[in-house]
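Novice: Residue strings, one per chain:
2 protein chains.
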Amino acid sequence: MSKRVINFYAGPAGLPLPALERAQKELVDFAGTGMSVMEISHRAKEYDVVHEEALALTRELMNIPNNYKILFLQGGAHLSFGMIPLNLLRGGRKADYIVTGNWAEKAYKEAKLVAGDNVRIAGSTKEQKFSCLPKASEITIHPDSTFVHLTSNNTVEGTQWQNFPETGGIPYVADMSSDIMWRPFDVTPFGLIYAGAQKNLGPSGVTVVIIREDMLEQCQAQDLPSYLRFKIHAEKNSLYNTPPYSVFTFYVMS
Amino acid sequence: MSKRVINFYAGPAGLPLPALERAQKELVDFAGTGMSVMEISHRAKEYDVVHEEALALTRELMNIPNNYKILFLQGGAHLSFGMIPLNLLRGGRKADYIVTGNWAEKAYKEAKLVAGDNVRIAGSTKEQKFSCLPKASEITIHPDSTFVHLTSNNTVEGTQWQNFPETGGIPYVADMSSDIMWRPFDVTPFGLIYAGAQKNLGPSGVTVVIIREDMLEQCQAQDLPSYLRFKIHAEKNSLYNTPPYSVFTFYVMS
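Protein sequences appear in the order of chains A and B.
Just so you know, we're using this note's numbering here: the first sequence kicks off at 34 and counts up by one.
Just so you know, we're using this note's numbering here: the second sequence kicks off at 34 and counts up by one.
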């Protein structure tokens, strides 16, 4: 190849050259099948290896306990913004959102569309133009919340949580698109973690959702279209429908 | 490369070797950028060329008039099964579904979840185990329908419409995942055409939605999460959020 440039985009991010070269090498003939991985059925054993290893590596790298399901979905964090309240805030259930930047505000606004006044702001630094995180004294968690939503890092403003705020045991739901796998952290206070792959994990087109089983049990959404239900994806091990080809490329990045 | 096999999967389908080889060649350094197309921002001019050419080629190959928008979305036909009634069947609006196979029945069931009894069966060959299409005399279109849904080809049973049924001018909404671009046809009676790319167009991860402007105007969904609204994707020219990497690979297949 001719040259490599250094990528300072907010996302999609640069990818490791050895992983790109492996993806390139295997693009026309994957694992000796005589087919591209793009051509292999997602019900075939060759794809199954890719899928299971991508799941296992995610679990290993983030030290995710067995009471969490790892899902590979589509639609980016934007679709998750909607799926989270659609699944978790039915029947008058409530949530707190901490608004610390552009992405946190998007998540809040999308949840408002679905759940209206049951979505509350527990803290915000909008008046400071998101130049900082709120202090502990500036956060008010409502004890009747099903979850507390936060954005672990806002790429636009750079407001990143170093230590996550105290919630009195209410689980976090977190958009970690721009800092997932950036450092070790304890996933156990998180009820749900979601991340579009293209910022920190691999190519665009796959969204990783990590959901704790007790949160999954709280998903009440039997009148929602099936694709929008976390429970169906969990039951089908993310093979409810054809997974995006990006899972392969994400896998070779691992 | 060592060998090429012939692919008889129902999907994902085989892809043309010259296109795979081009994707392979460009995987590490796209258009002289020193970056993989996977690493290039979807707001960068290099990606813009990919995006616009994929749109233009789709329009050219299918002879799509200018009063249709072409969208590149995610989630496969399965997410479209839900998005269609969520956008088009608000406020008591009704639709007819013609059930001619496994895929047609899935589309019908997903629409029922959203719109209940406002979704009607206008014809079905379920009693014949989907071994045939209904005759014209076996189809009853309700004149108050916003659209008539059909599946142009059911891969499981092979029930394919050679000539589309008479609807008295009510627009078709059609899942064409398994025969889109297979033959020339007149798109003008169609209000909306959708297709997961992986059967007939390219790799999995992108869903093509072709929607007529009068149908787009009928989308009443301002309380839906943004990702689920066709109007937002149309206004943003399918760049509302990061498009799936599969758009690139679909583009090189063109």
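Hints were generated in silico from the structure; no laboratory data involved.
Because the structure is a prediction, the values reported are computed rather than measured.
A few of these clues could be false.
Computed cross-link-like contacts, DSS-like style, restricted to lysine-lysine with a CA-CA straight-line distance of at most 25 Å [claimed, not checked]:
| no. | chain 1 | residue 1 | chain 2 | residue 2 |
| --- | --- | --- | --- | --- |
| 1 | B | K145 | B | K264 |
| 2 | B | K145 | A | K264 |
| 3 | A | K58 | B | K145 |
| 4 | B | K145 | A | K269 |
Novice: If a hint holds in the structure, say so; if it doesn't, say that too.
Specialist: Comparing the hints with the structure gives:
no., hint, in the structure
1, B:K145 <-> B:K264, "22 Å, holds"
2, B:K145 <-> A:K264, "19 Å, holds"
3, A:K58 <-> B:K145, "46 Å, violated"
4, B:K145 <-> A:K269, "22 Å, holds"
Hint check: a violation occurs at hint 3 only; the rest are consistent with the structure.
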